[in-house]
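Undergrad: Sequence:
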Amino acid sequence: TVQQLADYKFFHLARAMTVLSTVEEEGGRLDNTLMNINKGLDKASEKKALKELIHQPVHILQGISPQAGETLASLGVKTVEDLANFKFCQWAESIVVAAKFEEEV
13 TVQQLADYKF FHLARAMTVL STVEEEGGRL DNTLMNINKG LDKASEKKAL
63 KELIHQPVHI LQGISPQAGE TLASLGVKTV EDLANFKFCQ WAESIVVAAK
113 FEEEV
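The opening position of the sequence shown corresponds to residue 13 in the numbering used here, with each subsequent residue numbered one higher.
The set of hints was computed from the structure by calculation and includes no laboratory data.
Heads up, a few of these hints could be off.
Unchecked claim - Listed below are the simulated DSS-like cross-link pairs for lysine-lysine, each with C-alpha atoms no more than 25 Å apart in a straight line:
| # | residue 1 | residue 2 |
| --- | --- | --- |
| 1 | Lys55 | Lys112 |
| 2 | Lys63 | Lys51 |
| 3 | Lys112 | Lys51 |
| 4 | Lys21 | Lys99 |
| 5 | Lys63 | Lys90 |
Unchecked claim - Ranges between beta-carbon positions, derived for each pair:
| # | residue 1 | residue 2 | range |
| --- | --- | --- | --- |
| 6 | Glu36 | Gln74 | 19 to 25 Å |
| 7 | Val117 | Lys60 | 37 to 43 Å |
| 8 | Glu38 | Ser86 | 34 to 40 Å |
| 9 | Val31 | Lys51 | 36 to 42 Å |
| 10 | Asn50 | Gly88 | 23 to 29 Å |
C-beta atoms are modelled at their ideal positions from N, C-alpha and C, and glycine is treated no differently.
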């Protein structure tokens with residue numbers, strides 16, 4: 013459904029990573045940072061900077077298998093940044109948000 017696409021957790025994580033990568037300090041993610049996204053990443057990606065992570069394949073997101081990554085790639089979504097900018101997720105989210113402001117007729 014439109015609602016499910018708007019709520020797609022991997023889209024939200026990818027978008028958060030992409031937005032935050034633009035303000036990430038030099039040196040990337042520190043080991044002792046209290047807020048981190050390690051639970052959303054595969055183990056091999058946990059120490060990488062956001063600026064690097066957003067250019068990695070979507071299957072670095074914990075819960076997306078390489079096979080699911082191939083399916084997303086067939087839709088033009090190859091990297092985390094591609095997922096953050098996936099127009100269908102953006103449209104669905106926008107529809108859901110706008111619907112909250114509709115008046116009943």
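Undergrad: Confirm or reject each hint.
TA: For each hint, the structure was consulted:
For the hint linking Lys55 to Lys112, the alpha-carbon distance of about 38 Å lies beyond 25 Å, and the restraint is violated. For a cut-off of 25 Å, the pair hint linking Lys63 to Lys51 stands: about 18 Å separates their Cα positions. The straight-line distance between the Cα atoms of Lys112 and Lys51 is roughly 31 Å, outside the 25 Å bound, and the hint therefore fails. With a C-alpha separation of about 15 Å, the suggested pairing of Lys21 with Lys99 holds against the 25 Å cut-off.
As the CA atoms of Lys63 and Lys90 are separated by approximately 16 Å, the hinted pair is consistent with the 25 Å bound. Here the CB-CB span from Glu36 to Gln74 is close to 20 Å, well matched to the stated 19 to 25 Å. For Val117 and Lys60, the Cβ-Cβ distance of about 51 Å falls outside the hinted range of 37 to 43 Å, so the restraint is violated. In this structure the hint that Glu38 and Ser86 lie 34 to 40 Å apart at CB holds, the actual value being about 36 Å.
For the pair Val31 and Lys51, the beta carbons lie near 19 Å from each other, so the given range of 36 to 42 Å is not met. The hinted range of 23 to 29 Å is satisfied by Asn50 and Gly88, whose Cβ atoms lie roughly 28 Å apart.
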